[in-house]
Each structure stands twice: as structure tokens, then as C-alpha cells.
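Now for the letters of each chain:
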Amino acid sequence: MLSLTEEQIAFIENDIRVRGITSPDLSIDLLDHICCLIENELDEYRNFETVYQQTLLLFGEKGLKEIQEETNRLLTFKHYYFMNTTMKISGYVSSLMILIGSIFKIQHWPGANVMILVGVFFLTVLFLPILFILKFKSTDENNRSIVLSIVGFIASILVCAGILFRVLHWPGARMIIISGCSLLILGYLPIYILSIYKNTTNKMNATATIILIIAGVGLFISESGTGLSKTTSDSFWRGVTDSDDLLQYNNKAINKNFELMFKKHAADSVKLIQLKDLQVATDSMTNYISKMKIYLISVSEDITEQQAEKINIDDLRTSGGNNFLTERLLNDEYAQFTYTAKKLKSKIEAYKQTLKKCFPNVDLSNLNTEQITVYGEQVSWEVSNFEKLPISLVIYNLIRIELAIQAAETATINALQ
Amino acid sequence: MYICLMYSSELIKGTLKTVILKLLTDTKQMYGYEITQKVKELTNAKIVITEGALYPLLHQLEAEGVVTTETVNIGKRIRKYYTLTHTGNERAKEKIYEFADFIQTMNILLDLKPSI
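Order-wise, the sequence lines are chains A and B.
With the numbering used here applied, the first sequence corresponds to residues 1 to 417, in that order.
With the numbering used here applied, the second sequence corresponds to residues 1 to 116, in that order.
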């Protein structure tokens with residue numbers, strides 16, 4: 001057995017580098033290994049060059065480089081099991097959190113928002129990125145699957161963020177969800193379908209995925225449309241917003257009217273007292289109703305009263321929670337609460353008495369609190385105004401009552417002229 | 001992975017780690033070439049480990065903390081000796097026990113008569 005000379009070793013060392021081995025750690029191993037192999041073969045009859053070329057043949061077609069690639073693959077996947085476990089656990093935890101959070105939200109139990117927030121956080125910060133990395137690594141550098149992973153990743157992050165924004169009443173939710181869904185339908189799905197037709201092994205699986213994506217996106221769209229066409233719901237909401245504006249406008253006019261009347265009847269103490277009574281009663285009435293609106297929005301949307309005060313009526317359009325509101329407003333269990341249908345009704349009745357004291361013949365037909373007939377059935381005023389209605393319609397009915405109060409008030413002032 | 005003269009590669013796939021760990025348990029310090037020669041010698045060349053299988057695995061074991069390395073200068077070149085760490089010793093025991101157990105199970109499953 002002959003030993004290699006320093007030049008020969010330097011030659012091999014250089015050749016290993018030329019053949020694409022960049023890791024110094026691995027090149028030390030390979031250099032020693034190749035030297036050992038050659039030294040075993042080398043004898044007086046064969047020269048170094050021939051033996052070296054023969055030795056290289058042992059490394060197969062792809063040669064030394066493949067060893068480095070295999071090493072890198074194993075090293076990058078060092079954390080594979082850890083990542084896989086983290087992905088699974090974070091996936092289970094976050095989906096469970098979101099599910100439970102949603103149930104809490106529907107039931108209006110406390111902590112719903114926190115749970116959904118934490119769930120979506122884990123989903124977007126742990127689960128989706130790891131899923132993306134693992135999927136990315138496991139694809140065989142196929143361009144289409146890399147694009148697919150990236151598009152899928154972005155789309156799912158968008159959808160998650162959009163839902164989060166929506167649940168927490170942050171602005172822009174609708175836009176984010178729509179862009180996420182569009183990316184899924186217009187970006188992900190076509191690439192995905194294309195890639196299946198290239199790869200026939202898991203068509204069944206793929207069909208299921210496509211159906212799931214389409215069904216999911218469909219659900220989102222139907223949910224955000226609440227079953228009404230956009231024009232219909234928009235015109236309804238324009239009506240509600242207009243009524244709200246009208247309320248403010250009327251209030252200003254009525255206050256001016258009061259001022260004029262106070263001046264005009266400054267000498268008439270009976271009328272002054274009547275006017276004062278009317279003003280105080282109306283103020284207390286409108287105060288009660290506007291506070292009731294804020295309170296109902298805050299409990300139904302699960303937000304603070306400060307937030308409820310600022311919320312745009314438009315944002316209520318899709319919120320459900322009918323049964324919950326019905327219970328709050330109509331159930332005797334909540335009778336001790338400040339804002340119930342019964343209390344509102346008795347306040348309206350008291351208000352009507354005040355108006356009648358001012359002017360007995362005043363027209364109070366708009367403020368009727370008697371039973372009414374709906375589809376041939378006798379229904380109490382409370383039920384007809386508040387039972388099983390979403391928050392949006394409850395608010396709408398309260399605005400209607402406020403408008404009726406203003407009308408009755410104006411009629412009374414006019415009668416007192 | 002293996003250049004295997006006797007056995008199909010799927011049969012032996014996954015046992016290489018156990019083999020390396022066992023060799024390092026018996027001989028405290030080994031370098032790569034020595035491992036391939038030892039396996040060849042012990043199995044009468046029925047199993048020959050290729051470099052393409054050996055080194056990636058050794059580097060993975062090192063990254064996992066199962067083995068450590070020590071370098072020795074041999075003239076102009078460096079030789080890297082692999083040694084089991086404490087975890088490595090534990091892992092070796094587990095792997096060998098697992099494989100022995102597996103063989104027993106296969107014995108029962110395939111109804112093999114011991115060839116004594």
C-alpha cells in the first residue's frame with residue numbers, strides 16, 4: 001500500500017471542490033475517504049490518475065454532488081419532526097379555539113373575541129407558515145407546486161385575517177375576505193386543476209379539495225350577502241341611515257320651535273308649564289331610546305358602549321343574534337334590566353299621557369302600543385317590534401318610534417300655539 | 001443507497017443507522033472509511049455501505065447530537081473520527097433493542113425455523 005503525495009492530495013482536494021462540494025465539513029470526510037480508497041488500490045503497476053478516475057466511478061452517475069445534496073436534505077429536515085408536531089398541535093389548538101370562540105360568540109358569552117383572536121393568531125403565525133415551509137421543502141422543485149404553495153399561503157392568510165377583522169369589527173374586513181377568496185378562485189384553483197391533470201395519482205383527493213374550496217368560498221359569499229341582493233340591502237340601509245339623519249334634523253327644528261313658543265307664551269304660566277312638561281318628557285323619552293340603542297348594539301355585537309356609540313349603522317347589516325336579543329328584550333328573566341320592551345312600552349304610554357294633558361285631542365295613532373294584527377293573528381306591540389329580529393331591524397324599529405315621538409311632539413306644540 | 005449484493009434495498013433501508021450506532025458502540029472511535037470496511041468485513045461483503053449513504057447520515061447524527069467528531073491530522077489531510085455521545089449511547093441501545101425485537105416479531109410472523 002502506497003501513500004499519496006502531498007501534491008496528489010492537494011489535487012484531489014481541489015477536484016472535490018470543482019465537482020461542487022461546498023461544505024468544508026463534508027469535503028474533509030470525502031477527501032480522507034477517497035484517499036483511503038486510492039491508497040488501497042494503488043500499486044507499482046497502476047498510476048494515480050487511472051486509480052483516481054476508477055474510484056470516482058464508485059460514486060455513481062451524479063457523483064459527489066449528490067452526497068452533499070443528500071446531506072443538506074437530511075440536515076434541513078433535522079427539525080422535520082419537531083416542525084411537523086408543532087404544526088399539528090398548533091393546527092388542532094387554533095381550530096378548536098376558533099370553533100369554541102365562535103360558539104361563545106353566538107351565545108354571547110364573555111371571552112369569545114379573545115379566543116378567536118388567539119386561535120387565528122396561532123393559525124397564521126404557526127400553522128400556516130410551517131405548513132407552507134414543509135410543503136415547499138417536500139415539493140421536488142417543481143415550479144408549479146412552488147407557485148401553488150405561495151398562492152395558497154397568501155390566500156389563506158388573507159381569508160384568516162379578513163375573518164379576524166370582521167369578528168373584531170375592524171375596518172376593511174370585507175375587502176380582505178373578498179381578495180382572499182378571489183385569489184383562491186382565480187389563482188389557486190386554476191393552477192391546482194392544471195397540476196392534477198399532470199399528475200393522475202390522486203385525482204380523488206383533488207376533487208375533494210376543489211369541492212371544499214368552492215363550497216367554502218360560496219359559504220363566505222352567501223354569508224356576507226345575507227341572502228339579499230346588494231342593491232336591496234343597500235337601499236334598505238340608505239333608508240335607515242336617512243331616518244337617523246332625519247331624527248337629528250327634526251330635533252334641531254323642534255328645539256327652535258320650543259324656543260319660539262317659550263318667547264311667545266312668556267306671560268302665560270299655564271302654557272309655559274305645559275311646554276316645559278312636554279320638553280322634559282320628550283327629552284327623557286329620546287334619551288332612553290338612544291341609550292337603549294347603544295346598549296343593544298353593545299350586547300349584540302359584544303363590544304363596549306363607547307365602541308357601540310361610534311359604530312357605523314352600516315356595519316350591523318349582517319349581524320344575527322336574533323334569539324339572544326329577543327330574550328334580552330322580551331324574556332321576564334331580564335325584567336329587572338333598564339332596557340326591555342315592556343319598560344319601553346310603559347314609558348311610551350306615560351309619554352302619551354303627558355301629551356294628552358297638554359292637548360287632549362292630540363293625534364297619537366303613530367305611537368300605538370296596542371296589539372296589532374299580523375297575518376290575521378293578534379300580536380302584542382312588544383312581539384311585533386322586537387321578537388326574533390336581528391339587531392339591525394331592532395335599531396330600525398327604535399328609530400321609527402323616535403320619529404313617531406317627534407311627530408307627536410310637533411303636533412302637540414302646534415296645538416298649543 | 002447501499003450497494004447491496006445480497007439483499008433488496010427496501011429490505012435494508014432504515015437499518016443503516018442501527019448498524020452505524022452498533023459499530024460505534026463496539027469500537028469507540030471510527031472514521032468514515034473504516035466504517036465501510038468494517039461492515040464489508042463483518043458481512044463478508046454481503047452488505048457494502050456507499051459513501052452516498054454513509055456521510056449524509058453521519059452528518060445528520062452529528063447535528064442531532066448523537067455523535068461528536070474529533071479531527072486528527074494525517075500528513076496533509078485531516079481524518080475525522082466519530083464517537084458516540086451520551087445520548088448516542090442511549091440511542092444505540094434503543095435502536096438495537098428495537099431491531100432485535102423486530103426480528104423476533106418477523107420470526108413469528110414469517111414462521112422461520114432457526115437454522116442451527
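By construction, these hints were calculated from the structure, which means they are not laboratory data.
Computed from a prediction, not measured in an experiment: that's the story for all the values here.
Beta carbons are placed, not taken as given, at the ideal position from N, Cα and C, and that holds for glycine.
Watch out, some of these pointers could steer you wrong.
[Said to hold, decoys possible] In the DSS-like style, the derived pairs of lysine-lysine whose C-alpha atoms are separated by at most 25 Å in a straight line are:
| no. | chain 1 | residue 1 | chain 2 | residue 2 |
| --- | --- | --- | --- | --- |
| 1 | A | K62 | B | K95 |
| 2 | A | K271 | A | K343 |
| 3 | B | K17 | A | K65 |
| 4 | B | K40 | A | K62 |
| 5 | A | K65 | B | K76 |
[Claimed, not checked] Ranges between beta-carbon positions, derived for each pair:
| no. | chain 1 | residue 1 | chain 2 | residue 2 | range |
| --- | --- | --- | --- | --- | --- |
| 6 | B | Y81 | A | Y81 | 53 to 61 Å |
| 7 | B | E98 | A | E44 | 29 to 37 Å |
| 8 | B | Y81 | A | L134 | 17 to 25 Å |
| 9 | B | E98 | A | L75 | 32 to 40 Å |
| 10 | A | I146 | B | H86 | 37 to 45 Å |
| 11 | B | N89 | A | S179 | 36 to 44 Å |
| 12 | B | A63 | A | E44 | 40 to 48 Å |
| 13 | B | H86 | A | T304 | 53 to 61 Å |
| 14 | B | I74 | A | L96 | 29 to 37 Å |
Hints and how they fare:
no. : hint                          : result
1   : A:K62 with B:K95              : violated (31 Å)
2   : A:K271 with A:K343            : violated (29 Å)
3   : B:K17 with A:K65              : holds (22 Å)
4   : B:K40 with A:K62              : holds (23 Å)
5   : A:K65 with B:K76              : holds (23 Å)
6   : B:Y81 with A:Y81: 53 to 61 Å  : violated (28 Å)
7   : B:E98 with A:E44: 29 to 37 Å  : violated (49 Å)
8   : B:Y81 with A:L134: 17 to 25 Å : violated (35 Å)
9   : B:E98 with A:L75: 32 to 40 Å  : violated (24 Å)
10  : A:I146 with B:H86: 37 to 45 Å : holds (41 Å)
11  : B:N89 with A:S179: 36 to 44 Å : violated (56 Å)
12  : B:A63 with A:E44: 40 to 48 Å  : holds (43 Å)
13  : B:H86 with A:T304: 53 to 61 Å : holds (57 Å)
14  : B:I74 with A:L96: 29 to 37 Å  : violated (58 Å)
The structure fails to meet hints 1, 2, 6, 7, 8, 9, 11 and 14 from the earlier list, while all remaining hints are met.
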